[in-house]
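Asks: Protein sequence lines correspond, in order, to chains A and B.
Mind the numbering: the first sequence is residues 1 to 279 in this note's numbering, read in order.
Mind the numbering: the second sequence is residues 1 to 79 in this note's numbering, read in order.
Simulated from the structure, these hints should not be mistaken for laboratory data.
Wrong hints could be hidden among the right ones.
To be verified - Listed next, the stretches of chain B that the computed footprint assigns to chain A, with coverage defined by at least 3 CB atoms under 8 Å from CB atoms of chain A:
id	stretch
1	10-18
2	47-54
What the hints assert, rightly or not - Partial selection, computed: residues in chain A whose CB lies under 7 Å from chain B:
id	residue
3	16
4	17
5	18
6	38
7	42
Ideal placement from N, C-alpha and C gives every residue a C-beta, glycine not left out.
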Amino acid sequence: MPKGFRVIDMKPEHVIVRFKRDHELLCERNGQIGYALVDYELLERSPEHEQAVRTTHRQLYLKHMARGFDSSAVGPMPAHLRATNIFGVDYVFGRAESTGGLIWVVGKDPTFISCRSGGAGLRNGACRRVTACAITRTKDNTNLVWKVSPMGEIPELGDSHPNAAAAKACGYNSPFEEFAIALGLARAGIKTVYARAIYMTGRKGRAEHDLANERRFNALANLRTPDGEPAVRKDYDYITIWGFWNGPDELLAAQDGSYYTAVNPRRGVRTRHYPGRTA
Amino acid sequence: MRTQLPLAIYVPSERLQLWETGRSEEKIRVNIARHPGVEPDILRQYVLLFGWIDGLHAVKAAEALGLDQRARRVSGARH
Numbered sequence: 001m002p003k004g005f006r007v008i009d010m011k012p013e014h015v016i017v018r019f020k021r022d023h024e025l026l027c028e029r030n031g032q033i034g035y036a037l038v039d040y041e042l043l044e045r046s047p048e049h050e051q052a053v054r055t056t057h058r059q060l061y062l063k064h065m066a067r068g069f070d071s072s073a074v075g076p077m078p079a080h081l082r083a084t085n086i087f088g089v090d091y092v093f094g095r096a097e098s099t100g101g102l103i104w105v106v107g108k109d110p111t112f113i114s115c116r117s118g119g120a121g122l123r124n125g126a127c128r129r130v131t132a133c134a135i136t137r138t139k140d141n142t143n144l145v146w147k148v149s150p151m152g153e154i155p156e157l158g159d160s161h162p163n164a165a166a167a168k169a170c171g172y173n174s175p176f177e178e179f180a181i182a183l184g185l186a187r188a189g190i191k192t193v194y195a196r197a198i199y200m201t202g203r204k205g206r207a208e209h210d211l212a213n214e215r216r217f218n219a220l221a222n223l224r225t226p227d228g229e230p231a232v233r234k235d236y237d238y239i240t241i242w243g244f245w246n247g248p249d250e251l252l253a254a255q256d257g258s259y260y261t262a263v264n265p266r267r268g269v270r271t272r273h274y275p276g277r278t279a
Numbered sequence: 001m002r003t004q005l006p007l008a009i010y011v012p013s014e015r016l017q018l019w020e021t022g023r024s025e026e027k028i029r030v031n032i033a034r035h036p037g038v039e040p041d042i043l044r045q046y047v048l049l050f051g052w053i054d055g056l057h058a059v060k061a062a063e064a065l066g067l068d069q070r071a072r073r074v075s076g077a078r079h
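Bound-form chain B, shown alone (with noise of 0.2 Å):
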């Protein structure tokens, strides 16, 4: 399987308030506890860095082959 490759994880010094990171904190307990080393700060952002993928994603290559609608949920059950 072929990703992006992992360059690094950046978080910027600012904390945010919580209602601008739209974050629950149910939900960073729920991944604290089924990772519990690594314990996030919900008032931080992340931002991910990821190397660059040369090409086209699906939806515009189906558009650069003419594909229409039909044409690319076929092709799509094929692969």
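Isolated chain A (complex conformation) (with noise of 0.2 Å):
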């Protein structure tokens, strides 16, 4: 069996030879019998071969991560994707096949929006309206952690919290004024988590009379993707994917392993990480 593969109902009645006119087995150059395999509905890749796979994807995306915005780093832009630009920040604009959904990956490398399209294992439904964030790791082994937008809903503060009118009356920021501000704070020098893309459900989540607050959508009525669509519509959901962040790009991208561990500052303070404080 080739390297990488293995066969899990591995059947004589699965492997062909030939007879020569003298009735000899048909042998290859090397001596050995020469033989095809037929039936590969058992057939995988071994779990050893698998490993290495998501393991050069992961480094393959991290490494491109860390250079996302290099425009001279990049290849060429594949004719199904479109660059472009919201609130300042750069994108690769596609379309999920398998979803029909749409997607903003942040940057200007285009090697990496399947990478985050198909491979996040976003699907139609499979996001509840909620604010809390999930965790998801792809095939390749990325963790990635993602948050359904909730724009065009009330946020929801007491009447006693001193900006609870202003929260009221402005509303959830966008996806793409998150990710501006993100960004835009990262510039500023203040670590953020990594804005990874904005993911538009394919299929419609919610009847627009169904919006809370519709200031958001009617503000931004003119952002339009490549395609000349509406970039932000009230009838679809949108999803946030964010880096799950355990250290830069790249660090990670020159040696993946060395990770950073999260600790609040109250553990911190506790367990001594702070130089020169005691708890």
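Grab the two chains, each in its own frame, and use the hints to assemble them into the complex.
Replies: As structure tokens, this is what we get:
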């Protein structure tokens, strides 16, 4: 069996050999009996091969993430993808063929749009409207955090909260605004989680009259996809996809496995992660 | 590795009942999770068309060579 494959139901009936005119079995030049394999229903990649492929893809992912905005380092844009810019953020725009959804991948590198659309395992109907984050791991062993955008909903702040009125009037930011803010903060020197992609579901998620706050949609009605369609639509769900932050992209691209560990301030003080401080 | 040449996948329009397919919804879900870009229809038949390979399968070949069960096992172990 070739390296990287295994057959769960290996049967002699699946091996085809051929006889020569002298009734001897046809052999390869190296003397081994020549044969062909039929029936691949239970043929699969070996776990070792799967792991090697996942590791290679993950390294490629990290390498491209580290240089995602460097236009000199990326290849040409395929015909089915388009470069676009929304609120000062560069995206590669495309359609997720399997779901009919739209995806905007942060950066200028078209290489990984498939990784973050198909590989992320985001599917129609797979998400419900929650504001909590969810972690998913792609086939390529890449950790991602995704969140259904609450755009159009009223922020749940008690009336006693000093900013309740302002927050309710403003409404939740759109995914494109969220990403612009995150990247703006990063440029200003404030560490933020990596904004990876925005995905619009391919199936309608709600009726327009379900919206509690249309203000944001109306304000962004002029945003368009490179195909001329509205980028922000009231009847579809939007999912923001973020990196699972366990270290700078540049560091992991050079040496995968050197993960940072998340520690909140209270635990950090308690366990003396902060130099010079005592609990 | 020589293999059959894959030619086409034919999916008849008829949809079967789940009990007729004998498929497991759980296994289909696992398959979809492993390959998110392809979502098979659990109620349809999938007919795979391959090119034909001339020759005999190993059991028939062993019979043609007059190998008994023990000799087949020894021969198989050598290869």
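Asks: Are residue 42 of chain A and chain B close enough, Cβ to Cβ, to be under 7 Å, as the hint says?
Replies: This hint is violated: residue 42 of chain A lies away from chain B, its Cβ roughly 13 Å from the closest one there, beyond 7 Å.
Asks: Given a cut of 7 Å on the nearest C-beta pair, is the interface hint for residue 16 of chain A held or broken against chain B?
Replies: 4 Å, holds
Asks: At a threshold of 7 Å, is the proposed contact between residue 38 of chain A and chain B supported by beta-carbon distances?
Replies: 5 Å, holds
Asks: Please verify the coverage claim for the stretch 10-18 of chain B: does it have three or more residues whose C-beta sits within 8 Å of some C-beta in chain A?
Replies: violated (count 0)
Asks: Using the nearest Cβ pair, does residue 18 of chain A come within less than 7 Å of chain B?
Replies: At 4 Å from the nearest chain B Cβ, residue 18 of chain A passes the 7 Å test, so the hint holds.
Asks: Less than 7 Å between beta-carbons is the criterion; does residue 17 of chain A satisfy it with respect to chain B?
Replies: It holds, given that the least Cβ distance between residue 17 of chain A and chain B is near 5 Å, below 7 Å.
Asks: Closer than 8 Å, Cβ to Cβ, for at least three residues: run that test on the stretch 47-54 of chain B against chain A and report holds or violated.
Replies: holds (count 3)
Of the numbered hints listed earlier, those contradicted by the structure are 1, 7.
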